[in-house]
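Using the sequences and the hints, build the whole thing.
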Amino acid sequence: MGIHRGHRARPLEWLAEKFIFLVSLSTILMVFLIFLFVAREALPIFFGETDTALVQTVIPPDEADKLSPAQLQKYLELTPEQFASMDKDSLKALMEVKQEALDEIPEKFRNDPDARANTTDWHYLLLPHQWSDYDKPEYIWQPVGQIQKYNIVPLLVGTLKVTLIGLLFAVPLAVGAAIYVSQLARPRVREIVKPTIELLSGIPSVVVGFFALLIMATVLQKLFGYQTRLNAFVAGIALGFAVIPVIFSIAEDALTSVPRAYTQAALALGASRWQTAWQIVLPAALPGVFAAAVLGFGRAIGETMIVLMVCSASVMSWNIFDSARSITTTIAAEMAEAVSGGPHYRILFMLGALLFAATFVSNMIGGAVIERFKLKLEGKR
Amino acid sequence: MKKLFTILALSAATGIAALAGNITVKGSDTLLILAQKWAETYMGQHKDVKIQVSGGGSGIGFAALQNQTTDLCDASRKAKSSEIANCMKAFGKRPTEYKVAVDGLSVYVNGENPVKELTIEQLAGIFTGKVKNWKEVGGPDAPITVYSRENSSGTYEFFKEHVLKGADFAASAQTMPGTAAILQAVSKDKSGIGYGGAGYGTGAKHLSIKKDDASPAIEPTEESIINGTYPIWRYLYVYVNPALDKGEIGAYLNWIRSDDGQKIVKDAGYFPLPAKLRQ
Amino acid sequence: MNTITPSQYLPETQQQPGRHFRAEKFDFWSFFFSGLTGLATLFILGILAVILLNILINGWSAISWHFVSTIPKKDFFDASTTGVLPMIVGTTIRVFVMTIFVIPVGVITAIYLTEYAPNTALITRIIRAAVNNLAGVPSIVFGLFGLGFFINFIGKNMDALLHNPSAVWGQPALIWAALTLAVMTLPVVIVATEESLKAIPPGLREASLALGATKLETILRVVLPQALPGIMTGGILAVSRAAGEVAPILFTGVAYYMASLPSHLSDQFMDLGYHVFVLSTQSPNIEQTRPILYATVLVLLMLTFALNIVAIIIRARMRKKLRALG
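Residue numbers (our numbering), protein chains in the order written: chain A, -12 to 368; chain B, 7 to 285; chain C, 3 to 328.
No lab work stands behind these hints: they were computed from the structure. A hint or two may mislead.
Just some of the chain B residues that point at chain C, by a computed CB distance under 8 angstroms [to be verified]:
hint: 1; residue: D35
hint: 2; residue: I39
hint: 3; residue: A45
hint: 4; residue: Y48
hint: 5; residue: S60
hint: 6; residue: G62
hint: 7; residue: A187
hint: 8; residue: Q190
hint: 9; residue: P222
hint: 10; residue: G256
The calculated BS3-like cross-link candidates involving lysine-lysine, where the alpha carbons are at most 27 angstroms apart (straight line), are [claimed, not checked]:
hint: 11; chain 1: C; residue 1: K158; chain 2: B; residue 2: K86
hint: 12; chain 1: A; residue 1: K75; chain 2: B; residue 2: K99
hint: 13; chain 1: A; residue 1: K95; chain 2: B; residue 2: K84
Glycine included, C-beta positions come from ideal geometry on N, C-alpha and C.
Following this line, the structure appears as structure tokens:
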């Protein structure tokens, strides 16, 4: 560590060093590739290249000759290679499919004011819209049906709702336990309790989801007496369990790293153990505890299986006893039925990119706060 | 590293060989158990044929059909025009569609609910959230709890298109991950209503359905579903690239739609094709 | 666990042997809040115990040799004929293939970070930030990445290069699921290896260098053998994390049902975690599937937990060693 190049490196040595350096760049490459390839599949949405309009302009198949090859290729959305490989009959058949698609639309929808709208336009994605059959403008996520409604606001609300419930439940518990374990408990108790709580992170989230679905949902319903058994509240609590070990570990680390001199000084002045922990250690470790909550947020917002198993209706409501549908759930549940490469598929990738950005930011904040905290402590030592 | 590449290269070569002798089936999870039963029975009768079945969803099935990674695509809905177009772009022809079974959808209510029959219009009202109380449809004075399915399920889409006539489900509808979950919820909730396969259904009452006010209420039975008098039913499909619809694959498809193949359909909770559609 | 007798807030002998501080008077609020933090700890431990006991008791009565050694042939919701052999095999293989990729890359990166990297250089800081970020990427995003990169990009291009008549690699497969998981667990291996490399006293390296060994020789012959337990811990933690993850494999390789075991890297596979999801949400009869659901959960938990406990024990020993040095 402390020693740099004691003597001149030999060629092999030099090569090995470069190789090691290159391999270590793979982490940067991976973060970059993740963003690139998730965003790549979502690009057509950002560039407005997808069109979900139900009623599209259709050129009758027998008028194919009137179009130039270039126009025809564009109209049929073919790549040049595909276009070259197709004979006249198959091109005509492809045009017939377009005609059929139009003919299949029920009368009711053909005259719908939204039938010609591209619902993947950002207005439709973010702003409320008054669809036919609705009395007022609303945020609707209904991606399956004649007119596909892709408003992502209910999903954002659902994600935040579930995540916040989870954090409100997990942060006090995890930080409380971290204070206890790091400041108040006997060393022998700590030796046992700390790894045991960390063991909680070894339970796969699908098992937490299973437990929430089978047992917790029933118990909580009996305790609180709300009407629907599966809702955002149950999902949030279950999510809380999944993030408790994350928050606990980081907070405990931060509390332990407060210099012992602080504690000793406080105790010497006659403060009780608790007063020391609450008034001296916790404020000193606050940035670390904050970072723990931020990183817990990042973990909670990206958790999939728990929310998928416990609740999933895309209701636009802040009521915690209503159902909620998170972004992760939406991606996991709908990808399988989405037409590969279609607008729904692209929007799901866009949601993934959004999620990635959100966790990226919360990780950056959490990481930066912890780093500054450590530097500060080291400086003071 | 070198070893890894050899392994990769080797498996690339054998992968193609393995695919050649098999029939692969992919698609709707709704059809999965049925497809598996068909495959097992057929393989028992024809020792030289190997059939591999996997699910994932109708959309996955169509994508695989278009990539030519599967021979047969199971679907609980008709192919969408964009999917047909994609297939035509990939192999130049429209995929052949075969109807392989009939699925009746029942509307379930709690056993203690006095309501016995509803019209399609009343159902649409209830599931879109316009009808909110049981007394509006001849029941007790109690708010209705609506249970629906995940929007990725074929059942959801079918119910939406054919009962709600394309309107959206009420935002307050509880989304359940499977038919069993709906049944369980309805059997515990006196004011609940849900929908799902007619072949399922212990623990809840199946409603009789009227097409409109004037028509008689029809109970969902095997007979009424197959002859089409019960109004909520659909076909289940298998799609195939017409270029492959011959030899082993063609024979298998014919067998599925024969009397022998149709015998198995009931075990999976669906109904056999009417005689005129069989092979 | 009684947390509130005054004797227990005493700093224990481990900190300052021979010196005892004692709060002069009994302070109610100290007592109360200390009690609260103790209760929070107890509550977490209690929930953990309830989850584990519930699964253990219900699962134990349903598990049998037949269950873990059978390939379900017809209907896996049927308790009498079903089994989880293909799921155990699928989960094991995907995790094993993952380790082949993740351990070399993870260990080499950790070696770079501890042995070579100039600590303050921009590139080192970027690598560290990347490791932290990778650790925080949601698992479902890894799933999307696997679909977008491995299947739609690498796989499709491989098919084109190999002139496969139909897609072999451009579809969900064991190898893509394993690679996706490898990317996901990379930070786990890096962090654990780094920790164990740091625990090795610099004196050892200095001694080796002083005897004329090159830096590379020192790392290969002196440092790595010492760090082996730490690298193992990292591997085990990665395996245990990956074994229980479902979201990253949803679109990259898991199959709802397969009649035979996967025999090939381009095959799909069944998986324990996904099977738990399927059994708990897709069952045609919830009451009837409950025993097999519990049994499946128990198998999954035994797999991930056994690994986790081993890793925690190794790590605890190593930390002790580290503390003794520091």
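Okay, the hints, checked on the actual structure:
1. With a least beta-carbon distance of about 6 angstroms to chain C, the hint placing B/D35 at the interface is held under the 8 angstroms criterion.
2. Here the hint on B/I39 is kept, as its CB sits about 6 angstroms from the closest CB of chain C, short of 8 angstroms.
3. The interface hint given for B/A45 is met, as the beta carbon of that residue sits about 7 angstroms from the closest beta carbon of chain C, less than 8 angstroms.
4. For B/Y48, the shortest C-beta to C-beta distance to chain C is roughly 12 angstroms, which exceeds 8 angstroms, and the interface hint is violated.
5. With a cut of 8 angstroms, the hint placing B/S60 at the interface with chain C holds, because the nearest CB-to-CB distance is about 4 angstroms.
6. At a threshold of 8 angstroms, the smallest CB-CB gap from B/G62 to chain C is about 7 angstroms, leaving the interface hint in force.
7. With 8 angstroms as the threshold, the beta carbon of B/A187 comes within range of chain C, its nearest partner Cβ sitting at about 7 angstroms, so the hint holds.
8. Interface restraint check for B/Q190: the shortest CB-CB distance to chain C comes to about 5 angstroms, inside 8 angstroms, so the restraint holds.
9. Against a cut-off of 8 angstroms between C-beta atoms, the interface hint on B/P222 is violated, since the closest Cβ of chain C lies about 30 angstroms away.
10. Look at B/G256: its Cβ only gets to about 18 angstroms from chain C, farther than 8 angstroms, so that hint breaks.
11. With a CA separation close to 24 angstroms, the supplied pair C/K158 and B/K86 stays within the 27 angstroms bound.
12. Only pairs whose Cα atoms come within 27 angstroms are accepted, and A/K75 paired with B/K99 is accepted, the gap being roughly 12 angstroms.
13. Restraint check for A/K95 and B/K84: the C-alpha separation of about 20 angstroms stays at or below 27 angstroms, so the hint holds.
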